[in-house]
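Student: Chain by chain, the residues run as shown.
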Amino acid sequence: MQLTVWTYEGPPHVGAMRIATAMEGVHYVLHAPQGDTYADLLFTMIERSRRRPPVTYTTFQARDLGKDTAELFQQAARDAHARFAPQAMLVGSSCTAELIQDDPAGLTSALSLPCPVIPLELPSYTRKENWGAGETFYQIVRHLADKSVTPPPREGRRPRANLLGPTALGFRHRDDVIEVTKLLDRLGIDVHLVAPRGATPAEIATIGAADFNILLYPEIGDTAARWLERSFGLKTLRTVPIGEGATRDFIAEVAAIAGVDPAPALPSNLPWWSRSVDSTYLTGKRVFIFGDATHAIAAARVARDELGFEVVGLGCYNREFAREIKAAAREHGLTPLVTDDYLAVERAIQEAQPELVLGTQMERHIAKRLRIPCAVISAPVHVQDFPARYSPQMGFEGANVLFDSWVHPLVMGLEEHLLTMFRDDFEFSDEAGASHLGAHAAPAEPAPAVAEATHWAPEAEQELRKIPFFVRGKARRNTEAFAAERGIAHITLDTLYEAKAHYAR
Amino acid sequence: MSTRPLDRADCRPVLRERGQREVFCGLTGIIWLHRKLQDAFFLVVGSRTCAHLLQSAAGVMIFAEPRFGTAIIEERDLAGMADAQEELDRVVSELLARRGDIRQLFLVGSCPSEVIKLDLAKAAARLDARHSGVRVLSYSGSGIETTFTEGEDACLAALVPTLPRDEAAQLLVVGTLPDIVEDQFSRLFATLGIDRVRWLPARRAAELPGVGPGTRYLLAQPFLGETARALEDRGAVRIDALFPLGAEGSTDWFLAAARAFGVDELHARGVLAPHRERAKRALAGAAERLAGKTLFLLPDSQLEVPLARFLATELGMAPIEVGTPFLHRRHLARELELLPEGVQLSEGQDVERQLDRVRATRPDLTVCGLGLANPLEAEGFTTKWAIELVFSPIHGFDQAGDLAELFARPLRRREVLRV
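From first to last, the protein sequence lines stand for chains S and P. Going by the working numbering, the first sequence opens with residue 21, and the numbers climb by one from there. Going by the working numbering, the second sequence opens with residue 264, and the numbers climb by one from there.
Please keep in mind that the hints were generated in silico from the structure rather than gathered at the bench. Here the structure is a predicted model, which is why all the values come from computation and not from measurement. Take every hint as true, because none was put in to throw you off.
When the alpha-carbon atoms are kept at most 20 angstroms apart in a straight line, the in silico DMTMM-like pairs for lysine to aspartate or glutamate are as follows: (1) Lys380(P) - Asp88(S); (2) Lys380(P) - Asp84(S); (3) Lys385(P) - Asp346(P).
With the rest of the complex left out, here is chain S (with noise of 0.2 angstroms):
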């Protein structure tokens, strides 16, 4: 058993649910107990659909177990037929249902059904969100994929490719499938299928008629365009186009295998944003980066590369995905952190003392209490972050959105200088707080890490409260690490400024 407050991904069941709401055309019909339809309302609230999931849910209680239930799960089957009916339907059990063993896939091959029914097989005690996500979407092109379907010639016409991944419920996915559809029309290339997201079980049998694949989401797309690769011999692009260089890396490779001129490219603004003059006090920020692999990995190198912070901490909760963070943490010259418990992410945000994080919904919540500017970059997200606003997070676009809500919640170049000069100014005051976490905000200052080892003389530790909040911790840190090296056990105001003198860069 694994204690939990908070999870990053729900179960696997959810992931499939993600994927047959992201689809027209197929219904889901769940083997699940009353209660499990909670999961509707992430959908109806958080992504603000119009429409109810398609989902049916048995809804079994106790006075039904028993063979009761497969009865009830085919009595669920057959009027869920009648009433949506569905081009596809698929067919599987939440974790409880799991335990008690009916066999949605026997059950609804009895009752044939006039609609192909995909049953999925979803591990609820060992696998996650995105693993059902992955897999559900792998089953559907498995068994609709029509292998007969080719690329016509390609004479007289443009390139094709299909964008594989996007789902229901995924972090800025209604964007990005729009940025990276406008980016391949410049380049002369067509969409021909976007896949799960909007795609038809009809239009899924159509899949081999592209010329490749663009991976956008590998924790959705991966399994499905593997067996793709195998099974069409259709080429997957796997560079996810997230900040400039990435998306220029992505139009020099999707140039090369659909044989098209990388046209000049639409740069994003962040290139001159960055080298503005107010920038420059972006330089060396620590920044600690934690989310899917995906994400995470894009935005260690945005941070790095196009921004000139320090990435100080690199991780993702994907296990899946430990490989591909692993060899991304090493070029940052970081041990990466895989985990899926977040007081594991908050202590090594604590450890790390990073001027920004780059996180989650729950990095936000740690960065908050820590008192440290934030921004997400990766699901799990709350409402805010399906935005009404166009908000891509690819393409060049995207490079500008990054920019904006990585920079927007630092203190700025200007605003910083100002808070240096006024800092015993009553508005400027610590009392006041960072002016993004409002008023109310706990007055939470992070746990030195090292204060039992070393003592603080008063007036040394009066200084330390001038400088502001937001570097103090940096300033804290620094200064008992350059104490400690030198077996200074009392640190004065010379040893604060020995220190500063020290790191001054």
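Since the structure of chain S is provided, determine the placement of chain P on it from the hints.
Tutor: Leaving out everything else, chain P in the frame of chain S:
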């Protein structure tokens, strides 16, 4: 002691349906119970789904050092029972070591733990003996056994047998109420002259009430069937009353208590009159907007019947269908009598068929869960999401206006929007 005729309420036809239910399970009760029981921790023994549900229901509250969590059952726990009990002991020891302030620990059963027949009662007894200073209890909040607010019922019913014996005459108010409401009620009971008033649940373990044959209890919530039965097993006697929703419901509730404790009727009415008048004034604005509007309540919390009574009798709304996950006829007898003729009562749910009835009857306001609200709005219906009625202070005189406003606001919003 109620000798009122129940014929009308008993004869009222009830549509009983089975099918897909769009409801929460009893685990959700933890979200408000843990706010009330300030030194309790709720440890769900369940799956990742259970943890995910709590997280989705708790929203951002999850980060304020919440006093609930999930011991997620893993593949290896499913292999053998002995192992699962040892694992549970380990998790509980870790938890209690980390949270020294915890005085009550509830092991909360889920669907997975019920299906694998993990004996949480035995585990609770064992852990209770092992950890001195912490009372360990168990109850089930599983979806296969409980719907939404029934989780609170199961929790309180588990507490009742552990309460000390108390022979003295006392009033026991049963059901979680927000502190502010509890304080208002305390003041009113004191003014009425009822001296000995206790609360279940209490804010802290040390303040838990005693119970015995002198105890007369008053339900503050309609979903407490099991708790009521457990209290009656201990000799307590229920005071029959309307639930304290709205000016009339609150008046009736306090009057019933006053009568049970021999308070002079004129004095009691005199004490309550200004509160009742103030509540009625607060209702006037919403009444104008809501009068004549048709209403459809989908099943959620068992609050539906008293809410429909309040909305019909005090605000002039016309309920079409009142759905409830479970209909406790005896506790709701007087509420049912006051519902207008022709209201369709339904117990249980087949959500697709019920939505067909919503579409066919086109109510002015539909009360439903968050999974249905936006899709119904997109179809052109005005909705009020039900879960807010459990989290907001709605009971008593001084909340009557707020309660009415919860229903008036969605209709007003539909009028003001020009997009």
